[in-house]
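**Student:** Chains A and B are the protein sequences, given in the same order. Using full-length UniProt numbering, you'd call the opening residue of the first sequence number 1 and step up by one each time. Using full-length UniProt numbering, you'd call the opening residue of the second sequence number 1 and step up by one each time.
Treat each hint with caution, since some may be false.
Listed next, the in silico DSS-like pairs over lysine-lysine satisfying Cα-Cα at most 25 Å (straight line) [what the hints assert, rightly or not]:
hint, chain 1, residue 1, chain 2, residue 2
1, B, K228, A, K119
2, A, K120, B, K228
3, B, K228, A, K116
Read the hints as simulated data drawn from the structure, not as lab findings. Predicted model, so just to flag it, every value in this text is computed and none were measured.
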Amino acid sequence: MTDQLRDSAAGGDVRLTGIGKTYGAFTAVHPLDLTVPQGSFFALLGASGCGKTTTLRMIAGLEEPTSGTVVIGGQDVTALPPYRRPVNTVFQSYALFPHLDIFENVAFGLRRRGRKDVKKQVEDMLELVELGQFARRKPHQLSGGQQQRVAVARALINHPQVLLLDEPLGALDLKLRRQMQLELKRIQTEVGITFVHVTHDQEEAMTMADTIAVMNGGRVEQLGAPADLYENPASTFVANFLGQSNLITAQVTGAEGTDLLLSAGGVRLAVPKARCATGAKEIYLGVRPEKITIAHASAEVAGNRNRLGGTVVDSSFIGVSTQYVVRTDAGQEVAVFEQNMERDARIVPGAPVVLHWNPAHSFGMDAAQAIDAGTGEAAA
Amino acid sequence: MTSTTAPAPARAIPPDDAAPPARRPRRKLTAYWLLLPGIAWLVVFFAVPMVYQGSTSLQTGSLEQGFKLTWHFATYWDALGEYKWHFVRSFSYAAIATVLCLAIGYPLAYTIAFKASKRWRNVILILVIAPFFTSFLIRTLAWKTILSDGGPVVGALNALHVLDLTGAVGLTSGDRVLATPLAVVCGLTYNFLPFMILPLYTSLERIDPRLHEAAGDLYARPFTTFRKVTFPISLPGVVAGTLLTFIPASGDYINAQLLGSPSEQMVGNGIQKQFLNVLDYPTAAALSFILMALILGMVTVYMRKAGTEELV
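Chain B with its partners taken away, still in its complex shape (with noise of 0.2 Å):
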């Protein structure tokens, strides 16, 4: 990540390269041909859309008369004040469900890279993937049952005053789970849990287990040794675990559509309404550039806290 490890492009080929001059410029021509398809692939498929919608989202009209580009910028203006809240529970909700996600992720992680035998780690990484066999519909139609009223989860969380902490905090409400902003949050967070075991996996794996051997040598106890030298190390995972969670999830609609009630919905149920049912393409169009400004924004103040680029 750093700029002195990343060679520059032009030393692709060495100095000391015996192939005749004639043939270099064919060879970087190689390299952009290669790329050609991916490029080809981000322009019908990003940049168009962008455009389009960019262009959407400034027209007025309506499906009858057809919309006009007018350049309404009041669009935006308009539907931020409309939604705010869907605004406000989006990133709440993902918010908490990536802080839970990378509470029984890491953990999990740790042990699949530092504590389990090779056969147990293989087993416990398909065991992770294994939902992904499934839908994403009929997994989360799934936890609808689960925390069914009057289920014995919902039981259990009751007997244990859970729900009673929980509606403290105005998570739920009386004793249900289901149709409450816990719901929606246990739909996240078990959804994009494998988003953020893995790329944490992939960093903790990479830990050479003689730096730990070092710490303790050094007078570290077994925390101070994960607090001072794992836990560092192993950020560049968490910040992308974290990414991976928050991005999708704040943008997610499913589980609030189908775990939450009304007041429950977040920014891509708003989306989705006002591009299927209501039919206004431009409000449509609007949230969702707001939508992904305000991610990037707080993508970007995240990195440049989280300061990864310092890391290896």
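Here chain A stands alone, though its shape is the one from the complex (with noise of 0.2 Å):
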């Protein structure tokens, strides 16, 4: 069965040329150029009303695109209808046949196309998604879980050469998704399908995805693995959503070796030239909270890290770690996760503090953009 899968798979690559798509004056996505190659999982990453959905829709033929191109697998599918594209989707919310039970539903498909050895197929593909003593069971019988596996089954069959999912986790509960999302992974690697996957949880797209687009308003902000997403965001927008950063002003002061120094509020830091692609003169300076090592202000800090004077304003604990709010001596509010290994009891709210880390994990972006976008605040 799964062999069967991974023939039909051969050059499932979807090349996405200069697709946009417009609602009167209202321009849901910008012309964009996306490839996914074949046999990836690839994750379309947003807030709502990005485009992510409409970009999925695109290729999946439910909506037409006002411009550019899809192709799949070699074949130019731009003008064929739905039910003519070597795709099939997973619906948000699953959109899963009433009247149908669990069996006709996964047989949908086959049956369109005249298949033979409906039985067989249908049986295989259920006991794939473990769900074979529920053949004959209606679709509202099930839990939202088994329903959506159904879903999975239902367009899985049809051997697509990329299999298109729609938020497909959204309505489930928390413990279930993150099942799910490995039971996803696990159906994906065993089937050798592409995968494009629509979702506006970034750690689901990081827990899946091979490839991560990060989208908003309509353009794709940045493209890479979840590891290079995060650890080098491109814009603070990426930053934000992905994770949370801290993000200094500073000014670029000049350059030593692979690094360039820059100035905040007068204190000296660093980041490596290759993890600042902008040329401004002001940019911001980015750190993760978790790559700041937190001391008492009188603790030794090794003179090549970067290191920044403040003051302990909040501290909460929350298990694995400690997570605290600084106020630099700029006056700027930088969070800090550390692990609870050697607990220093002097660092208490108001305690005088030094921040110190790696300049390696520092980013640099240009400071010309909106420094709260993506954090949910700015969206408002």
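With the hints as a guide, dock the two chains, each given alone in a separate frame, to form the complex.
**Tutor:** Structure (structure tokens):
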């Protein structure tokens, strides 16, 4: 069964060229180019209204692009209706046929194409998603997680070149969602089909995808592997939307070896040139909260580390770590996550502290953009 | 409609309800008190008249000498013999009208539910209901004018040779539409159309448009999507609509009275005549009972065939 699926997946590249969508005066998706390599697990990540679902629906053929072309496995499908495209979709809240039982839901695509051997294939597919004993139930008799697996089975059984998933886990509770993420990842590895997954959950995207395209306002902000996006975000939106970032306003004062030298309110800081894509004079120096070490102001700090003095404003203990909010001497608030290994009893609100981190863990970006993009507060 | 979805009445109160147990019997009684007006209404206006009519149908006598209950079952047999063609006409006219209502109503309901914008949706729905602002009698009389001999409608139908076609199947004769079965069927179709459209619209409107997308995504062409997804899901609406059309249409007598000739008379006309003109109450009552029994039988068979209890 899975070998069969593998064969059909050959040449399942998705290439979007200049594809865009406008509704009257509103531009949902600005013309974008995107290539999803065959066999990859690709995530379109962004807040609601960023154009990710519209992009997916244009690949599925459910939405007609205003401009550009969609090529799947070398075939231009831009003008084809959904029922002629080599893709299948797992819909948000599943869209299972309420009048058909699970078996017939899964068999639907095969029957439409007049395939033989429907019974065997459906049974195998239900086995793959571990729903064999529910074949004769109606969708409403299943739990959310089971319905979700039916939706996946109903799409996968057609051996699409590309499987499109539109927020497939949105309706599930947190625990089930985590479980289904692993399940979907397992199925994708097993069948080797290209998955294009739309989600607004950054953790979900990072857990499952090989490549993430972060979308904002109808544009792709950044494209890359989850770790690359996290470690080296290209914009404040990506820095804030994927995890949490401290962004410190700083002026570029010079260069030293592979590093750029910065001045933030008189304090000397450094960032690797390779991790600062902008040539602007005023930049944001970014650093993830967990990369920062917090120490009492009296502690010794090695000279090659970035350091900022400040005062603890707030600390909250959350089990594995403690989260601190520190106001720097320049008056900016910085978040710090510290593993609870050796806690310094002196680090309490009001205490003078020094924050230090490896300059290689910083990233720089042009300060001409909104510092709070992607935090959720900026969206409103 | 399935037993699995309907909660048992006893569980109306959640088991973990914090209310003291002493209050529960009272809450149960409240439900019965609330039912009382409805039950009383049913008893006074349905059960009592039914018993009274049943007894009337088994009486013999005349208006002058008074009727006596003699358990005279032969009345039923005689009535059926005398009016069998009335029954045949009633059910065939009602069946044709129901099929026409479905054929006209389904595309309209589909358009309202899926194609019309929100504003147009309300406008069309109001237009569907608008005829109810006028009396049934006046609307039917209007059809007398519409279908009048030598009128534009008859002229057009004649020119298009539609009347030759309907004449061949016995729905019309010659150049006339009025006083033919076609006129009665037209009247019935027109008058009961809203009863078809409204339940159809309700069941279509509830269908998630994403089901259409899902079917398209799974290789169904638009027509296959309709045949395999939309229509089966709307089946409860089709059943409700056909029942709401067929049942009153087969008991109707106004349309046959105003648009037909004596040879298009339906059972309703027979009952009316027996009750108001001949004053043979037992025969009128027996006819009513036979009509009711036949409709009940047909509806039962139909419901079994349609198998709607399978649907959510």
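**Student:** Hints first: check each against the structure and report whether it holds.
**Tutor:** These are the hints, each one checked on the structure:
1. K228/B <-> K119/A: Answer holds: K228/B to K119/A is near 19 Å, not above 25 Å.
2. K120/A <-> K228/B: holds, 22 Å
3. K228/B <-> K116/A: This hinted pair holds, its Cα atoms lying about 19 Å apart.
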